[in-house]
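Undergrad: Read off the chains here:
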Amino acid sequence: MRNITAAASAAATTPSPEAAVEVRGICKMYADMEALRSIDLDFPAGKLTTLLGPSGCGKTTLLKIIAGLIPATSGEVRVNGVPVTGPGPERAFVFQDFALMPWATVMRNVAFGLELKGVGKDERQAIAHKYIAEVGLSGFENKYPHELSGGMRQRVGLARAFAVNADVLLLDEPFSAVDEQNRRKFQEDLLRLVELEKKTFIFVTHSIEEAVYCSDRIVILSRRPGRVAQIIEPEIDRTASPDAIRRDQGYLDTVEEIWQGLKRYVD
Amino acid sequence: MTIFGYRVPMMASLLAWCLVWEIVGQLELSFLVPPLSHVVAAAFTLVQTGTWQAAALTTLNSFLIGMAFAIVVGVLLGVLMGRFPVADNLFGIWVNIFVSAPLSALVPVLMILFGMGETTVVVTVFLFAVWIIVLDTRAGIQAVPRSLEEMGRSYGAGGLRLYSKIILLAALPEILAGIRLGMVRGVKGVVIGQLLVSIIGYGELFELYSRNFDMENFWALTIILFAAAMGLSAIIENIEKRVEYYAGVR
Numbered sequence: 001m002r003n004i005t006a007a008a009s010a011a012a013t014t015p016s017p018e019a020a021v022e023v024r025g026i027c028k029m030y031a032d033m034e035a036l037r038s039i040d041l042d043f044p045a046g047k048l049t050t051l052l053g054p055s056g057c058g059k060t061t062l063l064k065i066i067a068g069l070i071p072a073t074s075g076e077v078r079v080n081g082v083p084v085t086g087p088g089p090e091r092a093f094v095f096q097d098f099a100l101m102p103w104a105t106v107m108r109n110v111a112f113g114l115e116l117k118g119v120g121k122d123e124r125q126a127i128a129h130k131y132i133a134e135v136g137l138s139g140f141e142n143k144y145p146h147e148l149s150g151g152m153r154q155r156v157g158l159a160r161a162f163a164v165n166a167d168v169l170l171l172d173e174p175f176s177a178v179d180e181q182n183r184r185k186f187q188e189d190l191l192r193l194v195e196l197e198k199k200t201f202i203f204v205t206h207s208i209e210e211a212v213y214c215s216d217r218i219v220i221l222s223r224r225p226g227r228v229a230q231i232i233e234p235e236i237d238r239t240a241s242p243d244a245i246r247r248d249q250g251y252l253d254t255v256e257e258i259w260q261g262l263k264r265y266v267d
Numbered sequence: 001m002t003i004f005g006y007r008v009p010m011m012a013s014l015l016a017w018c019l020v021w022e023i024v025g026q027l028e029l030s031f032l033v034p035p036l037s038h039v040v041a042a043a044f045t046l047v048q049t050g051t052w053q054a055a056a057l058t059t060l061n062s063f064l065i066g067m068a069f070a071i072v073v074g075v076l077l078g079v080l081m082g083r084f085p086v087a088d089n090l091f092g093i094w095v096n097i098f099v100s101a102p103l104s105a106l107v108p109v110l111m112i113l114f115g116m117g118e119t120t121v122v123v124t125v126f127l128f129a130v131w132i133i134v135l136d137t138r139a140g141i142q143a144v145p146r147s148l149e150e151m152g153r154s155y156g157a158g159g160l161r162l163y164s165k166i167i168l169l170a171a172l173p174e175i176l177a178g179i180r181l182g183m184v185r186g187v188k189g190v191v192i193g194q195l196l197v198s199i200i201g202y203g204e205l206f207e208l209y210s211r212n213f214d215m216e217n218f219w220a221l222t223i224i225l226f227a228a229a230m231g232l233s234a235i236i237e238n239i240e241k242r243v244e245y246y247a248g249v250r
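So the sequences go chain by chain: A and B. Last residue of the first sequence: 267 in the UniProt record's numbering, with the numbers rising by one and none dropped. Last residue of the second sequence: 250 in the UniProt record's numbering, with the numbers rising by one and none dropped.
Please note that the accuracy of each hint is not assured.
[Claimed, not checked] Label-pair ranges, simulated between beta-carbon atoms: (1) R161/B <-> P71/A: 52 to 62 Å; (2) S13/B <-> G150/A: 36 to 46 Å; (3) G139/A <-> S37/B: 22 to 32 Å; (4) R247/A <-> I239/B: 48 to 58 Å; (5) A177/A <-> L14/B: 42 to 52 Å; (6) L90/B <-> R78/A: 23 to 33 Å.
[Claimed, not checked] Example chain B residues on the side facing chain A (calculated, C-beta under 8 Å, incomplete): (7) R83; (8) A87; (9) L148.
Quick caveat, the hints were computed from the structure, so don't treat them as lab data. Note that beta-carbon positions come from the ideal geometry of N, C-alpha and C, so glycine has one too.
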């Protein structure tokens with residue numbers, strides 16, 4: 001484990017070339033409530049970075065600002081060096097409550113981003129087919145969302161995000177509405193997909209174990225107003241089996257250290 | 001329904017009531033209630049007359065035109081009110097007044113404005129049907145999950161496409177329920193309008209039969225009208241069920 005909190009401020013002034021997403025001085029005010037205070041962050045390309053923090057720390061708000069879904073009060077987000085003014089095709093979002101269209105089949109839901117881009121039917125179905133297989137839903141192409149379990153629905157959400165071939169994937173507590181056993185399996189699958197797809201992942205969670213298990217870098221936000229409290233890079237051997245990782249001393253120590261840091265924010 | 005362990009088919013109660021009607025009619029207790037068999041026979045002769053066919057056509061025409069306007073205006077206004085608080089504040093109070101107001105009282109005023117013809121009837125249908133469509137559409141639009149809208153935006157649906165691909169489809173179950181309730185009210189509207197204008201369509205026939213105490217034809221007309229209203233409502237309900245099946249999880 002490496003604690004790079006001190007290095008983070010240096011990174012803010014000299015942008016690292018490999019940062020896919022740069023967040024500069026982001027503040028967010030809701031009426032007179034301050035949600036985020038001057039956030040400076042770099043999200044390295046090809047890595048999975050987690051935003052972790054107590055509830056109400058503004059981690060989802062930050063993710064939606066990066067997505068261009070809500071405007072920041074001040075500050076700037078750049079993706080691949082280009083300032084964000086709204087949603088864009090280089091970013092894809094995975095929603096906490098899946099946000100699947102209940103009137104559309106799995107196939108149509110996964111291909112929806114491509115449909116909006118104007119990709120022809122055959123081509124988009126071929127692409128969707130590939131990603132449906134990749135998330136392990138082959139054979140469910142013509143099912144409707146209500147015929148699937150929570151875990152399977154989120155796999156559809158994930159496949160939809162992969163299908164548009166965005167550089168940056170934004171995941172907003174993707175497993176929080178999925179039951180515990182499915183979540184574990186899902187986390188393992190996600191790691192495999194991170195390895196396979198070589199994309200930049202920004203992942204919001206409130207689960208410390210999930211953050212340590214999945215992330216290359218963990219950004220811990222403090223309670224409202226949200227600020228960067230700590231940045232941790234868990235150095236865990238990902239080549240080990242999932243069960244070995246969960247018993248690894250480094251893994252357990254990191255979880256414990258983060259918990260000690262977060263404890264003061266919990267009532 | 002089961003009675004003493006025997007399963008009774010759904011339409012059995014209707015048959016029982018028909019039987020009661022027939023018996024009361026045969027007893028000749030009142031000229032208001034002719035036997036049902038006579039009414040049914042009258043209905044069969046009635047639908048073959050040119051007068052009925054012309055009246056039905058006029059009525060259907062007014063109804064359909066009025067409903068078309070009510071659906072277009074109702075859905076548009078409902079979407080505006082559901083999406084924009086300004087529109088909601090501006091129109092909300094009026095929609096709520098009109099949805100519960102006794103609109104029949106307005107028909108004489110409409111006659112002055114639009115004359116003693118079909119236009120008045122069309123406007124009456126519109127006024128009877130439109131408000132509930134507005135309210136249901138508004139409720140449906142407001143119930144569209146925020147994340148579904150954000151999903152549409154983040155995958156590139158902006159402007160009108162956000163409405164056509166996400167918002168209207170997500171609100172479809174409520175919009176259809178509004179249209180069904182609007183249709184039921186529209187049937188009332190067309191008959192009340194025609195009765196008050198009283199020189200066209202079904203209203204004219206109703207007026208004619210009731211004034212001459214031609215109860216067999218009067219009841220025949222009523223039954224045909226009720227059946228038509230229920231049939232329409234059943235068709236929309238059928239569409240609704242299919243849509244709601246897909247919208248089961250939101």
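Undergrad: Compare the structure with each hint and give your call.
TA: Each hint tested on the structure:
Distance hint for R161/B and P71/A: a CB-CB separation of about 21 Å, inconsistent with the stated range 52 to 62 Å. For S13/B and G150/A, the hinted distance range of 36 to 46 Å is satisfied, since their beta carbons lie about 43 Å from each other. G139/A and S37/B have their C-beta atoms about 59 Å apart, which leaves the hinted 22 to 32 Å range violated. Judged by the Cβ atoms, the range 48 to 58 Å given for R247/A and I239/B holds: they are separated by roughly 56 Å.
Between A177/A and L14/B the CB atoms are about 47 Å apart, so this pair conforms to the stated range of 42 to 52 Å. At about 41 Å, the beta-carbon gap between L90/B and R78/A misses the expected band of 23 to 33 Å. Here the hint on R83/B is broken, as its CB sits about 17 Å from the closest CB of chain A, past 8 Å. Proximity of A87/B to chain A is violated relative to the hint, the smallest CB-CB distance being about 23 Å (cut-off 8 Å).
The beta carbon of L148/B is positioned within 8 Å of a beta carbon in chain A (closest approach about 5 Å), and the interface hint is therefore held.
In summary, the numbered hints that this structure violates are 1, 3, 6, 7 and 8.
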